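**Student:** Protein chains in written order, with the numbering used here: chain A, 1 to 343; chain B, 1001 to 1343.
The hints are simulated quantities; they were obtained by calculation from the structure and are not laboratory data. A quick note: this is a predicted structure, and the numbers were derived from the prediction, not measured. Positions of the beta carbon are idealized from the N, C-alpha and C atoms, including for glycine. Check each hint, because a few of them may be wrong.
Some residues of chain A that are not near chain B, with every Cβ distance over 12 Å (derived) [what the hints assert, rightly or not]:
#	residue
1	Gly154
2	Thr231
3	Glu328
Derived Cβ-Cβ restraints for the label pairs, each shown as a range [what the hints assert, rightly or not]:
#	chain 1	residue 1	chain 2	residue 2	range
4	B	Phe1285	A	Ser175	19 to 29 Å
5	A	Thr7	B	Phe1285	32 to 42 Å
6	A	Gly304	B	Ser1030	19 to 29 Å
7	B	Gly1121	A	Ala331	25 to 35 Å
8	B	Ala1331	A	Gly279	50 to 60 Å
9	B	Pro1011	A	Ser9	30 to 40 Å
Facing chain B, from chain A, some residues (calculated, C-beta under 7 Å) [to be verified]:
#	residue
10	Ala65
11	Glu87
12	Asp109
13	Cys136
14	Asp139
15	Ile251
16	Ser252
17	Pro255
18	Leu266
19	Glu289
20	Thr292
21	Val303
Number of protein chains: 2
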Amino acid sequence: MTFAAGTTSLPTPALLLDAEALDHNIAAMSAVLPGRRLRPHVKAFKSTALAQRLAEAGHDTFTVATLREAAGLIHAGLGEDVLLANESVDVSLLRSVAELDGNLTVAVDSAETISAAAAAGVPAVLIDVNVGLPRCGCDPAAAGDLADQAAAAGLRVRGVMGYEGHLMMVPDPASKARKVERSMALLLDASQAVLANHPHATIVSAGGTGTFDTNTWANEIQAGSYLMMDTHYGTLEQPFRQSLWVESTVISIAPDRSYIVGDAGLKAFGMDHGDPSWGEGDVLFCSDEHITMRPADPDAWSVGDRVRLVPAHVDPTIAKHERMWLIEDDAEPVALDVDLRNW
Amino acid sequence: MTFAAGTTSLPTPALLLDAEALDHNIAAMSAVLPGRRLRPHVKAFKSTALAQRLAEAGHDTFTVATLREAAGLIHAGLGEDVLLANESVDVSLLRSVAELDGNLTVAVDSAETISAAAAAGVPAVLIDVNVGLPRCGCDPAAAGDLADQAAAAGLRVRGVMGYEGHLMMVPDPASKARKVERSMALLLDASQAVLANHPHATIVSAGGTGTFDTNTWANEIQAGSYLMMDTHYGTLEQPFRQSLWVESTVISIAPDRSYIVGDAGLKAFGMDHGDPSWGEGDVLFCSDEHITMRPADPDAWSVGDRVRLVPAHVDPTIAKHERMWLIEDDAEPVALDVDLRNW
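Isolated chain A, as found in the complex (with noise of 0.2 Å):
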């Protein structure tokens, strides 16, 4: 884990995101998935900013998980092909994405997701495939019957998707490479069924950032967190760097100096996945708006220095933020709104 250096003048929590951790991430990346090999998801960062990035970086096609994600896409000229995955029986919203002028496709697992993007008129959609996880999509089985009824309903089907959420942290690569494997041999068993009435619908859309180079069954593979990562990414080998982290002020220090006191605490850290982590000493506990930690030279801190914090989970962090403010060098730190959070 490496931390930028220095401190910045910002009002405080402060979202950073390093440029030259972000780049790195960007480019090696695209090295392993070029092009539309990578379909990013939005959901990770929530920004049309670094979305323009990831477009002039050769990957122009999005996945969201939320209408509102793909909305913004769309608003922002980035909606050239835009992937709901995930299922919405909400026709006036889906209306109001489809309606706009770009390219939506949703994920449908279901005769009632499939009734709701007909009636918003929804142009296409991907037949959503349950792989193993315990979320959304339908019986492998069931994918071909589910394409027909889509097609029946005048939607066009473009291929089928799956999400092998549950296989992303599995630690040892063998291990992983295999159970990957059977998870994916659902997905095309699936994509088979799809094709033989729907010979166009040829994408096979799976993947994070935990199996971007596990996953080479799928033709599509929708990572986001690898642009930033976290410390729960951070434990597998994997080429990314961390970029970001949330910058706070020490606003108190214990009388006997035992701790001292962050101006961050739960709402400005995504906590599912735990306490962030600090580089200088150990993080006891988060308040609404605090942070508590034990600094490992207890004497080197005073009220008004700076402390860098990773996240735990860095999706539902950053989703806490108005904005990110990169940070390159001494160049002064730019905004990046937080544009496409909330619903």
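On the provided structure of chain A, position chain B as indicated by the hints.
**Tutor:** Relative to the frame of chain A, chain B by itself:
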């Protein structure tokens, strides 16, 4: 735990607030702590609309955790007496709020925070005293000296504060009362030391929802979560009702009907106290934008149905949403902006 009946047709995830339970909670607190005996803590709900309701119920002094909350209250005409119960050394931000047409008091616990407040033109301070929680607050024995320093810097010293946050969840009332008494003895000692040279510094501010009726030593109580409650505070025997939940739409059902999937996940719930709770089955896990649940009755559910979930921790949950929807009988839901979120 009670759940309001019925569902809405709002886009989901939607943060719902039951008007009847809210009114009950306001009345139940006012009966114990009328008027300025309560200094409601705005960090819990981050909404000037709710603060306005509290002002109308007689509670027109407020506690905040961030300077944005303070500025928002003042802009909304609710700034007659706003306490930032937190430290800041951001002179520029402190000044921007001190210059508004309101009355700002800030907590100080060090020479640095006193200097910042004085440099920013903040008019008044409370001396923040550590009463056992490892977070902000000076050594009780240092309170008198800090008050003298603050007065010498031109700041009006209004009294002391101390937050016994470590005692909120003590389950046994008698044990809690003994512990709170010992904790508040530290604060009262500090208060006496301050009063020696500053006889008008009479405020003794402390407490929270967990100790609102236990802490009879402070002369004002900083509680906010009681308005909404959560599964954590709901374990205490208190006169408050659950008034807040997240409504989610069922977007997928497992092929074997063993689980259902809702469209509210890690980005819609404060997760530091664990998963939200569901009255009609078990929550298995949350993903970024999904919640996977095992229903008690697997045959009762269809795609498109709505579920209502109770957050484990209310404050960070509300901070993730743009608005709450006030629900009252058959009336149309009324949007309450969470206008004091972010920093």
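**Student:** Hints first: check each against the structure and report whether it holds.
**Tutor:** Here's how the hints hold up against the structure:
no.: 1; hint: Gly154; result: holds (20 Å)
no.: 2; hint: Thr231; result: holds (15 Å)
no.: 3; hint: Glu328; result: holds (23 Å)
no.: 4; hint: B:Phe1285 - A:Ser175: 19 to 29 Å; result: holds (22 Å)
no.: 5; hint: A:Thr7 - B:Phe1285: 32 to 42 Å; result: holds (37 Å)
no.: 6; hint: A:Gly304 - B:Ser1030: 19 to 29 Å; result: violated (40 Å)
no.: 7; hint: B:Gly1121 - A:Ala331: 25 to 35 Å; result: holds (32 Å)
no.: 8; hint: B:Ala1331 - A:Gly279: 50 to 60 Å; result: holds (53 Å)
no.: 9; hint: B:Pro1011 - A:Ser9: 30 to 40 Å; result: holds (39 Å)
no.: 10; hint: Ala65; result: holds (4 Å)
no.: 11; hint: Glu87; result: holds (4 Å)
no.: 12; hint: Asp109; result: holds (6 Å)
no.: 13; hint: Cys136; result: holds (4 Å)
no.: 14; hint: Asp139; result: holds (4 Å)
no.: 15; hint: Ile251; result: holds (4 Å)
no.: 16; hint: Ser252; result: holds (4 Å)
no.: 17; hint: Pro255; result: holds (4 Å)
no.: 18; hint: Leu266; result: holds (5 Å)
no.: 19; hint: Glu289; result: holds (4 Å)
no.: 20; hint: Thr292; result: holds (5 Å)
no.: 21; hint: Val303; result: holds (4 Å)
Figure legend: structure checked against the earlier numbered hints; the only hint not met is number 6.
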